[in-house]
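Visitor: For reference, the chains in residue letters:
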Amino acid sequence: MLGIIASIIDGVLVGLVYGLAAMGLTLIWGVMDVINLTHGTMIVAGMFTLYLLVTSLGVPPYAAMVPVLIGGFFVGVALYWVAVHRMVGRPPLMSLLSTFAVNLVLIGVGTGVWGTELFNVAVSLPGITIGRYTFPGAHILAAALAAVIAAALYLFLHSTRMGKAVRAVANNREAAELVGIPTVRVLAVSVGCGVALAGVSGLLIATLFPFTVLSGDGYQLKGFVVTVLGGFGNPVGALMGGVALGLLEGAVTPFVPVSWTLVIEFALFVLVLIAFPGGIFARRGVL
Amino acid sequence: MPLMVRRPFFWVIALVVAAFALIPALGDNVELRESLALATIYITLATNLNLMLGYAGYINFGSIVFFGLGGYICIWLVDAHHTSLALSLLAAGVGVSALAFVFGVGILRLRGPFFALSTIGIVEGVQAFVQNFEPWGGSAGIYISPEVFNPLGGPAQALWVIYFALVATMGLSLYLSYGVKISKFGLGLLAIGQNEDAAAILGVPTPRYKAYVYSASAFLPAVAGGLYFFKSAFIQPSDAFDLSLSTEALVVAMLGGQGTVTGVALGAYLYEELRGYLLVSETFSHFQLVVAGVLLLLIVLFFPGGLMGFVYSRFPRTKKVLE
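Here the protein sequences come in this chain order: D and Y. For any residue, its number in this note's numbering is found by taking its place in the first sequence, counting from 1, and adding 765. For any residue, its number in this note's numbering is found by taking its place in the second sequence, counting from 1, and adding 20.
With the rest of the complex left out, here is chain D (with noise of 0.2 angstroms):
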């Protein structure tokens, strides 16, 4: 019984991670109708960052946030101007092959200079122990970090002047710009968020597990199930999808191997979609 529990709760707490993880994609998918195809890399370029913050500079761990966060958001700026602005309100075909695009020059450089060797960032944390059950620290402080960052965001979205622009523009581009948004910054400022959680996601699953220069693209493949389960752009509902995911492939692994964890959670995300055409909330002021 014990054991279910602890179970629950480790799924839970990698889950909120997962979902995180989802937030920056399904930030952009929703404001802009664009499906970021380098959200997978941009989470593996946080893994790095945070591997060469600690290796060269003995930077702690978390305090790496603040850089990635900040770089990451710089980072996506750029990519909203050298992919995504000419591409939006275009089919999206046009932008799932600019983003694939930028993806492979990004993959290409990162095999070039790292390989594909698996890297590693030991953070000690003291865990919390039940009975025979004990959590390691870094996966309740990485949950806990999850949950604060998702708030923030939501906070942002709701209560600042620029958040409610973002939601505006995710609501209507026309009718924002009529009213006097810019929306080409908004566009702008959206992506950047986008990339900076996915930065700080990454950073955070570094801490949990070892990765490679290509582990972004199973987190991009869950993306895309937190995101069909969740809603999009919404962080709390990307919270839920990722707990959800994260329940599911706790409830999965005693089961089957770990390469079929990936394939039984894509297999979800058909079936979601299949059964609730374009997402199971729609897009009904998601927002």
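These are computed hints drawn from the structure, not numbers from a lab. Ideal Cβ positions, reconstructed from N, Cα and C, are used throughout, including at glycine. A couple of the hints might just be wrong.
[Stated by the list, open to error] Estimated spans, in silico, between C-beta atoms of each pair:
{"no.": "1", "chain 1": "Y", "residue 1": "254", "chain 2": "D", "residue 2": "881", "range": "17 to 23 angstroms"}
{"no.": "2", "chain 1": "Y", "residue 1": "43", "chain 2": "D", "residue 2": "1019", "range": "57 to 63 angstroms"}
{"no.": "3", "chain 1": "D", "residue 1": "1039", "chain 2": "Y", "residue 2": "330", "range": "54 to 60 angstroms"}
{"no.": "4", "chain 1": "D", "residue 1": "879", "chain 2": "Y", "residue 2": "330", "range": "34 to 40 angstroms"}
{"no.": "5", "chain 1": "D", "residue 1": "917", "chain 2": "Y", "residue 2": "330", "range": "47 to 53 angstroms"}
{"no.": "6", "chain 1": "Y", "residue 1": "149", "chain 2": "D", "residue 2": "881", "range": "18 to 24 angstroms"}
{"no.": "7", "chain 1": "D", "residue 1": "923", "chain 2": "Y", "residue 2": "298", "range": "49 to 55 angstroms"}
{"no.": "8", "chain 1": "D", "residue 1": "1040", "chain 2": "Y", "residue 2": "103", "range": "38 to 44 angstroms"}
{"no.": "9", "chain 1": "D", "residue 1": "851", "chain 2": "Y", "residue 2": "340", "range": "55 to 61 angstroms"}
{"no.": "10", "chain 1": "Y", "residue 1": "107", "chain 2": "D", "residue 2": "1018", "range": "24 to 30 angstroms"}
Guided by the hints, dock chain Y onto chain D, whose structure is given.
Guide: Leaving out everything else, chain Y in the frame of chain D:
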């Protein structure tokens, strides 16, 4: 399609195929043959991808699955069941096509970007399956002994036979692509590509057509995969599902001009040549993906019509001859 023979483009394709087959054969030029063999594979993959991308406007990120699975089925039949190459290739094509149809029926309700994302899932699924499937050697793969080349007249002659089969596969791909383009089916696909809702309202059975084209675009890549891996006498998951190949197919199709037959074939040929130069240079061989990415980005941003889009706008008359 009896009318196809009367169109000039039918003969253009025939000419290209004949050139591919004859030029290395007459000069007995092995080096040229190897380079052209790679070009035929690129052309086959890109042309079949174009059925989805260029006509129906659907991105298939997982076209490599057809190639890899076809390779596996063919190698496995040759190795474990001593089936003849021709029969194994046919089995690979039919098997992969049937599988693609089943997948297609599963995901055909999904539209636009969701369909594209599902094709990524299919790559993951198939890869996980192959890596855990013991009869196919798991992650170690399958080696076949050189004796399988004996029925084809020894290794040296077998390589020529395989080359001609690859050229034939390429030719069939081009005819399939052209045949679909001028058929009613192709018209339906083009309608889907322009506006799926309008197409559905006007009576195009959109989900069915999408499943058909997904399945049709699987057959010849599977055969090409069978030939390719038979030629190297070895297959393992990381080669069979090499993501860079399906990426390159996408780049090539966009480079030449999606939706055209000539452009895609030309783009594939040019890309293969370019790649040959880049691989020779030490600095670039590591950054092949970077080059492909930059190329794709530039095309998508500035020349969405690709090579043929440019040719058509400069020389409108070519539209009548080069489809």
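Visitor: Each hint: holds or not?
Guide: Status of each hint after checking the structure:
1. Y:254 with D:881: 17 to 23 angstroms: Given range 17 to 23 angstroms: holds, Cβ gap about 21 angstroms.
2. Y:43 with D:1019: 57 to 63 angstroms: holds (59 angstroms)
3. D:1039 with Y:330: 54 to 60 angstroms: At 40 angstroms between Cβs, range violated.
4. D:879 with Y:330: 34 to 40 angstroms: At roughly 38 angstroms between Cβ atoms, residue 330 (chain Y) and residue 879 (chain D) fall inside 34 to 40 angstroms, so the hint holds.
5. D:917 with Y:330: 47 to 53 angstroms: For residue 917 (chain D) and residue 330 (chain Y) the Cβ distance comes to about 48 angstroms; the hint holds.
6. Y:149 with D:881: 18 to 24 angstroms: holds (22 angstroms)
7. D:923 with Y:298: 49 to 55 angstroms: With Cβ atoms ~50 angstroms apart, the hint holds.
8. D:1040 with Y:103: 38 to 44 angstroms: holds (41 angstroms)
9. D:851 with Y:340: 55 to 61 angstroms: Violated, at about 32 angstroms.
10. Y:107 with D:1018: 24 to 30 angstroms: The hint (24 to 30 angstroms, Cβ to Cβ) is violated, given that residue 107 (chain Y) and residue 1018 (chain D) are roughly 41 angstroms apart.
Checked against the numbered hints above, the structure breaks hints 3, 9 and 10 and satisfies the rest.
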